[in-house]
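So you can see what is in the structure, the chains are spelled out below.
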Amino acid sequence: MTITALPILIPFVLIIILIISRSLVFSKITSIVGSFGLLILSMIIFYKVNKLGFLVLNMAGWKSPYGITLVIDFMSSLMLMVSSVIVFAIAIYAYRSLNEEKQVTKFYVFFFSLIMGVNGAFITGDVFNLYVWFEVMLISSFVLITFGKSKEQLEGGIKYLALNLLGSLFFLAGLGLLYGKTGTLNMAHLADILRNDHQAILMNTSAILFFIAFGIKAAVFPLFFWLPASYHTANITISSLFAGLLTKVGVYAFIRFFTLFFVHDQAFWHQFLLIIAGFTMIIGGMSASVHYDTRKILSYHIISQIGYMIMGLGIYTPLAIAGAIFFTIHNMIAKTNTFIVAGLIYKLKGSFYLKDVGGIIKQNPVLAILFVIPAFALAGVPPISGFFAKFILIKASIDDSHFVIAIIAVLTALLTLYSMIKIWNEAFLKKQPDNEFSGQNTSLSFLDMLPSIILGTISILMGIFAFKVFDFTMQAADQLIEGTSYINNVLNR
Amino acid sequence: MEILLAILVGILYTAGVYMILRRSIVKFIIGIIFLSNATNLLVFLASGVVSGKPVFVGEEPANASQMADPLPQALVLTAIVIGFGIVVFTLALKYKFFELTGTDDLDQLKKTDN
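Same order as they appear, the protein sequences are chains A and B. Just so you know, the working numbering puts 482 at position 77 of the first sequence, and the rest follows in order with no gaps. Just so you know, the working numbering puts 77 at position 76 of the second sequence, and the rest follows in order with no gaps.
It should be emphasised that the hints constitute simulated quantities derived from the structure, not laboratory data. Since this is a predicted model, take the numbers as computed values, not measurements. Take these hints with a grain of salt, some might be off.
Said to hold, decoys possible - Under the rule of at most 30 Å between Cα atoms (straight-line distance), these lysine-lysine pairs were calculated in the DSSO-like manner:
hint, chain 1, residue 1, chain 2, residue 2
1, B, 97, A, 556
2, A, 752, B, 111
3, B, 112, A, 827
4, A, 556, B, 28
5, A, 835, B, 112
6, A, 752, B, 97
7, B, 95, A, 511
8, A, 873, A, 453
9, B, 112, A, 511
10, B, 112, A, 752
11, A, 556, B, 111
As the list claims (entries may be wrong) - DEER-style ranges, computed between Cβ atoms:
hint, chain 1, residue 1, chain 2, residue 2, range
12, B, 25, A, 684, 29 to 35 Å
13, A, 804, B, 105, 54 to 60 Å
14, A, 410, B, 72, 19 to 25 Å
15, B, 49, A, 862, 53 to 59 Å
16, B, 101, A, 830, 35 to 41 Å
17, A, 430, B, 105, 41 to 47 Å
18, A, 410, B, 49, 30 to 36 Å
19, B, 19, A, 471, 37 to 43 Å
20, A, 466, B, 3, 31 to 37 Å
21, A, 834, B, 19, 52 to 58 Å
22, B, 22, A, 449, 49 to 55 Å
23, B, 25, A, 554, 19 to 25 Å
24, A, 604, B, 99, 47 to 53 Å
25, A, 836, B, 82, 56 to 62 Å
Heads up, the beta-carbon is just placed ideally off N, CA and C, and yes, glycines get one too.
Chain A with its partners taken away, still in its complex shape:
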């Protein structure tokens, strides 16, 4: 199945074209067309996976446990599709928001190398290959986060880089120990060995190293400090890209590893993951409520919502995993959208600080609607996607009698709602205070708002057709928990 490798190859070809390109308009158009191509491709892949169950490609023809294998199952195809939607939206957004000539051509090169890393991480079936894709993603994100070279960005970049480097080292150490114990790094082969192993408790040393590595990438409770220290420093286009994609790759790796082969010692791990999830939710939500910079509030919300995804993994019933996947794809879309809207507020008013701005509802009512959709989606108000995601997770936790985490989840939803209302009151409802920003009267064109409109529409559609989306995520969850079909398909039995 050659189509399996295309999500990596298309960004690669685009990188080469964009390195050569000298014209700004050409780069912008190429990136929009290219990301649209990626979107179409991911839909075709999704359709094929729906029909066949698995797409497996052995690179260079080496048989499965020996060579590098690319595997697309239900979960990978869902993640691929959602990330391509985000990439497409950001490509359109960047068309209007980035304008300095020299900068922009470089931006697109690293934009697509980041996407190549993300797509590679989603479709690989080999642990070391996953490490390599993580590094591709990291190096591009290092370049992007320090893009403007201002003092603040370099400082944020150093913090981001320092902690993520340590994360990669933990990943590599865990991987080495795992190879020493099992003699393989192919995920299906690992699952085959570890699921039938009676001494699997020995795997805890590797599993905890992987936990720390993915915990740093996903920004879970004691390991999240790099995120609020760096995300708000970058250009808002780049922040919205990171908010949607990067931490979720960590969550994806979590779900993949802890459903496919780290299934030993469940009593400890599930309890542990639930405790981590609870702290992540509550601390993220509470930290967000004290801030007045839009980007800071939204950054802390990324953390609190990672908690929900880990919570689904910690409950570990098919319903809960389905809820976690549903929540992940809903969150990727809504989160990117809120950052894009924050960027639009900045464009309109010239400040991210909530005390400086106000009165947008009179000045630009369309923007108010565009903010309400992702904000309600994040808070979990019924007709939009977030409600169903939270409902599934909380139902799964009550079914499995984890009442404490259910209460924390509900409280965090209230905290989210509180922060969203704060942004709404300060930026949209209250009168514009008299300061240097009150004279700003930029208007927004349709093209500025188009990415937000696309993502908002998808959030609403995901709410209206929630049963359809739920069917897909449920299939993905069943496939993950069952495991044997993954093993048999990859190892060709």
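Since chain A is already given, all that's left is putting chain B on it; use the hints.
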């Protein structure tokens, strides 16, 4: 051989942790180099060290367990290259930061935290 390598890995990790806890950014980067080399050696060590029996070279030994495993060597080689790239980027970033602010002190980096 294993014992020696294990002690070396331990020393490198200790030195690396000590260095990344220092206040200077340059020392922090040196710490990262120590840690990444320690991790590379750990991967190499964990997957078994066989001395003097390379694969694909010379006559074939009686069974496969007497040959060195080529895979961890390939893994470590890849990891070393990635590590190099990252260290170079970190140094460039540090240089740019120093040019702008004139400070090498991690305690001065408090502006983006709250």
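Failing hints, ascending? none
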